[in-house]
Structures are given as structure tokens and as C-alpha cells.
Amino acid sequence: MTADVYPAAGGLVERAAAAFVSSVPEVRADDGYFGPASVTWRLNGDLSAPVAGLRSLLVQALHPLAMAGVDQHSDWRADPAGRLASTAAYLATITYGDRVTAQRAAARVRKIHDRVRGVDPVTGQGYAAGDPDLLLWVHAALVESVLASADLFGGPLSEADKDRYVAEMTAAAELVGILPGRAPSTIAELDDYFSAVRPVLTLSPAAAESTRYLLDLPWLDEEMGGLWRDVGDAAVAALPEWAARLYGLVPREPVTEQRRAEVRQLLGVLDVLYLGEPGVLEARQRLELRMRQARRGKA
Amino acid sequence: MSRTDEGVPGEPRGRAAAGSPRLRLSRGLAAVRLAARGGARYAGSAPRLFIAAGEHRERLRNDLALQTAEDVAATLGTMKGVLMKIGQMASYVDDGLAPPVRRTLSRLQDSVPPMSAELAAEVIRGEFGAAPEEVFGTWDPEPIAAASIGQVHRAITRDGRAVAVKVQYPGIAKTIEADLGNVALLRSLLRVAAPNQDVNALIDELRERITEELDYEREAVNQRMFADYYDGHPTIGVPRIVDELSTARVVTSDLVTGARFAELLDWPQTEKDLAAETMYRFTFRSLYEAHAFNGDPHPGNYLFHRGGRVTFLDFGLVKYFTPDELQPLVHMVRYLCVDEDPEAFRRAMEEADFLTPGAPLPTEQIVEHMALFYDTVRTPGTRTMTKGYASAVARRYFDFRNPLAAYARIPRSYVILQRINLGMFALLGELGATGNWRAIAEEIWPFVQAPPSTAMGEAEAAWLARRPRRP
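Residue numbers (our numbering), protein chains in the order written: chain P, 1 to 299; chain Y, 1001 to 1471.
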């Protein structure tokens, strides 16, 4: 497939920002599944979030059945920005929304998953998006990507906080239909999970094609495209060694201290764009106030 | 991967520093262009004055106050402080940045909360070795205004002097210095933000200005110079620096209260005209006589008093001219407006390096293009400054499609001058100020030195006469 089939689309920053703003409630029934004292809240708003998002898509695509499901059922080619924005919106909603709102969003996702079934052309196996194994894969890839990206390009993160994040995120796993107790709840369990699943992973043609596309979104204007490619390069640099090997991707630049600072500067510029969108500053301030209250409450 | 080729003509777009990995941010500044789209959805762009902010917002800002040096780095690091400065420097100019870019950058300014009382006190302790209440007799922990890289507190010194104390955000100097090191990214940002300018010159200018502004000792020196120069002036006020309470991160000066620019807009037109006359006299007297240009015509840097008295605040951005730098400017205005000698004007432009010698353009065309900049002083009589005039000047300044553009440039030492010039016109336009600007200019022009043309001119002449002779 060539890039020609992808329609010109845009508005990624605008749509992701709008999704974020609408996911941060002004009036709420409760603190949701994570709450203002959680590591999840902190990491979701971290500077490294765009890198984490891209990296987790790269990792997730390496499971042939997960990739087949996306490839055969998702509308992402018709509206890639919308697809990325709605994933971001879902995550923001279950993170910051109250429990009822999170459950409603999760129910919608599970309903969509029910319809996603088929046969993977690479392995010949049947798949279903609601398959707990696939859900677990997508979940684990996200959790691990957020940690790896924050580690490389984000704010300081202690080992204890990493464990806490993995444990907190089991709530997100249960929301999409993974049975309690199945999702890893510590870094060690997460590592074990990846060791166990690795033999299944492969770079399918659909994965190769779609990730090439993701790393170089052709519909971005030239300058924004260059910026995005730099984010992509940072995501590649954050990949685990085995994933980079499957892709045959090598980051253009090793992550030295200087490179890390430059990526953070780039992410800072990106963050300013995001901040320039209507309502983003106010939504962030609402969250920050609640996080501060939570810290004060604990102290 | 190869860089896209969209460099400045004659300037290879190569890596910023050979050997050091650099982000390909060239087009990155599309970032800012993109930001424009978001910002475009905001209505209005009234001058943003911290003091005038609503009470709710004030409280919110306090609840969100920066509590640690890490908070400062998170808020102003990763390019944000630098972008904010670019926004401020460009904000003097109507068309210097696309309005949506400006709004996005001012959004960034809104996102910077004040320091908490504890953090500000920590800076004071770091600089003076004692708590603010000990260093000053009385200390108001609530900031009264935000400065670009710090905030202003009120205090009363032990000997009873009411002062304004500007306190710099801790760690900001190091943070901004690191971000200014990413030249590739800066170049891309500026290429988008100010597409028609000599980007390398702008980067130099930006780095120099920001570095200067971070150095409060230099600001104190500037302010001292202006305060001394205008000592006793009938309408120009410059708060005195309190030397023993000023350091590289804290600058203390006399506390002055007055109306803000937004309030002045509601005053009678006669008051606005008088305020404008003072601003005009200040700008050109400083330039022609003190050879110094106070580079920050931000509306927040003035306090207005009835009868045309204006207090000038914030001397972090001052450009000093050598006689050699100033001379061609003097010649230009003289040959165009007084001697009316177009060929001499053209030669002066060439001498100043504004114009390539021997450019294949008729002199009339050059004069016609440049005349707009001198519109207010080229002919005698009263004129009303309008927003339209300010915009037209700025548009022409940034009009690089004009045939003249291929042969014209703004030499580096004049970049800031031109920008600020435009900024002052923008403020006077906002005031809709009427005056006989030519007559006032003639009082000040060193090659004319005409007698006073207004009551304020009389008062100023009396001040000049009783002022001790300066070298």
C-alpha cells in the first residue's frame, strides 16, 4: 500500500487537545480510578507523553493478531489524526474522569472490540479484539512504553514509582475487560510477561507498512512533519532492543545527555503548541490544583 | 536524513555545531505556525496586565505558585522561557509575528504562575543571607506584578523608604542558557516566527538581550544611568535604584504608584496626548542625547500620572549606541526631513549599511519606500497617531516582497532600535495621540535644537537649563 491511500488529514494537536480538555471534568462524582495522588496522573501529563504514545503503537504493532485487528477493522487510514486523538481521549477520560464516566468510555471500547474479529493473513489464526490475551498485550505495551519514555525523556521517576504505576494501571486493564489479577502489577511481572510473549512477536507486512507511515505522517506539512519525525526518532530510541531489532530500526542519534536535552526542548515546543489550544491551560490548572491538594493532604 | 532546504539565502542550513547531534528542527518552527492555528480561535488581545487580572485568576495563580526551583525549571525550561522571551520581544510589533502566534505565546505567559512567598524569600536569603523581613524592614510576601523572569514585591527599607523589589526566578539563568544553546531549534523557531528577518542576526540579538536581561546588575546600571540623566525632569520619572539592596538576582528601586496603560486608555484625550508627548520626548531625547534606547516598550512598563508625567520602569533591555552607530541615523533623518536632499539620504542609508551601495533602484523609489517611517516628522503640523499608521509602518518594515528588499537590510545594531521604534508607534497609535511631532523632534534633533514648541517643551527647556552640564 502506498501513502496515496491515506487522505490528507490534520489537526492532530488541535484534536488531541480538544479531547484532553473534554476529558478533564469540572464537575465530578469522584476522583476516578487513579486520583490526583497517583503516579498515573503525573505520567499522563509528562513531557514525554507524545514519545510514549508513539512508542506504544510501535510495540503494539509487533503482535500479528493485534496488528491484523487494527489493519482490518480500524478506520485509521481514513482519519489517522482522529484515530490517534480518540485513543488519547480514551486514556485521558479513564485517567481523569470519574468512575461512571470511565466505565461508560470503557463500555464503548469493549463494544467496538466485540465487532473486531477475523483471520490474520500472516499466521492464519483467528483473532478477536476482545481476546484477553490481546487486550493484555496492548495494555502491557502501553504501560511499559510510558515508563521507558519517561525514563529517557521525562521527569525523574523512582523505581518505587514505576512499580506503583504498573500496579495502578491494572485498573485500566480491568476496565477494558482483562480479569482482575491477570495484568502485571509490578515491574518484575511486566518483564516476565514480555519474556513470555516474545516468541509470538513478529514484524508483519501490515505492521511494517503502518509503522513506516506513523513515523512519517505524510499529511503533515513539511515543517510539522520534520518535528514529528524527530519525535519518532525519540520513540525509536526508547524501543526495547528486541523491538528495534524486529523493525530493523536504529535511532539516528544515540541518546546522549545532549541529545536528551534537545529532545526535551523539542517536546517543550510541542507542549507550547498544545498549551496554545483553547482550554488546555485551564484543564491543566484544574488538574494541578487537585494534585497539589492531594499532596498537601498527604503531607 | 537530509535537511529540507529552506535556508536563508547565502546561508547554508548545515548542522548548528559540527559534530554535535542536533535535532532537525528546521521546519520545527512550524510548531509555532501551528500554534497560530490554535491561538487564532481566541478573541481579543487586550494588553495583558497582571495587576488588572481578575481576583479569581489571581487566587488561582497563587494556588498554583511555583514552590521550588524544580517547579521553575518545569515551567520555564525546555524552551518555554525562551519562547516567552521571543514572544515578548516580538510583541512590541504589530506585524512582527502572526497574531495567532503572538496569542499562543502570550498564553504561555499566562501559564507562568508567580513564585510562592517561600520561594521568593529563599531567593532573598540566597542573595543577602537573611530573610526578607530582616533585609528589608517590612516585606509584602504577595507579589504586586510579574516581571518576565521574576516578580515584583513591595517592601519598606529599614530607613523607611518604600521600594519595589524585583526578584528573579531561581535557576532560571542556567535553564535559559541551556535552551539558548540549541541554535538549530532557535533558528527554526525564528524562521517561522519572523520569516522575513535575518535569522542569524536575530538569534545573536535574542541571545544577547536575554543574557543581559538575566543580569539584574546590568539592569540596575541602566536604570541608574536613566535616573541620573532625567533627574529633576518635569514629566519623565525613573525610579532610583537602591544600590545596597540590589544584586545579580534582585533589583530594588523606589516604589512608584500610578495608572497602568489600560487605565490611561480611559482618561481624557488631553491626558493621553500629554502622556504620548512624554513618551515621545523620552524615546528621542534618550536616543539623541544619551545615546541609549530603553528597549522595552511593553505597555506594562509605564506608570501614568495626570498632567503628562510618566514613570518608566524596567531597564532590562537597553541598547547603547556609539557615536559611529548613531551618526548615520542622524544623517538620514536630517537629509530626508530637514535638508530634503534625497541623494544625501540615500548615501546615508548606504553608509549605515541599510542599503547596498549601487543598488539598481531609482532614488525616488527608495525615498518613497522609506518615507513612511518618517511620516510623523517629515512635514510640519500636528498629526494624530493611529493604530493604522503603526500597522502600516510595521507592515512596510516587514514587507520583503518590495523590490527594495533585495538591497535593504537591517544592520544588527539597529535591529532592536527599529523594533522598539515600531513598538512605540504602536502604543501612541493605541492612544490616538495628537501632537506636532515634527516640532517636538526639532527641539531634540541635535542639528536643529529648535526652541520649545509646547508647554512641556518649555518645562523641559527650563530643566535642561538648570541641569548641571554633562561631559
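Just to be clear, a hint being listed does not mean it is correct.
Here are the simulated distance ranges between beta carbons [stated by the list, open to error]:
1) Y:Arg1125 to P:Ser158: 44 to 54 Å
2) Y:Asp1231 to P:Pro156: 22 to 32 Å
3) Y:Glu1343 to P:Thr256: 37 to 47 Å
4) P:Thr256 to Y:Pro1468: 58 to 68 Å
Which residues of chain Y face chain P? A partial, calculated answer using Cβ under 8 Å [stated by the list, open to error]:
5) Ala1178
6) Leu1180
7) Val1183
8) Leu1185
9) His1291
Far from chain Y, by Cβ distances over 12 Å, these chain P residues were calculated [what the hints assert, rightly or not]:
10) Thr87
11) Gly155
12) Gly181
13) Ile187
14) Tyr193
15) Pro218
16) Trp242
17) Arg245
18) Glu262
19) Gly268
20) Glu277
21) Val280
22) Glu288
23) Gly297
To be clear, the hints were calculated from the coordinates, so they are not data collected in a lab. Positions of the beta carbon are idealized from the N, C-alpha and C atoms, including for glycine.
Tell me the hint numbers this structure goes against, listed in increasing order.
Hint check: 1, 2, 3, 6, 7, 9, 11, 18, 19, 20, 21, 22 fail, others pass.
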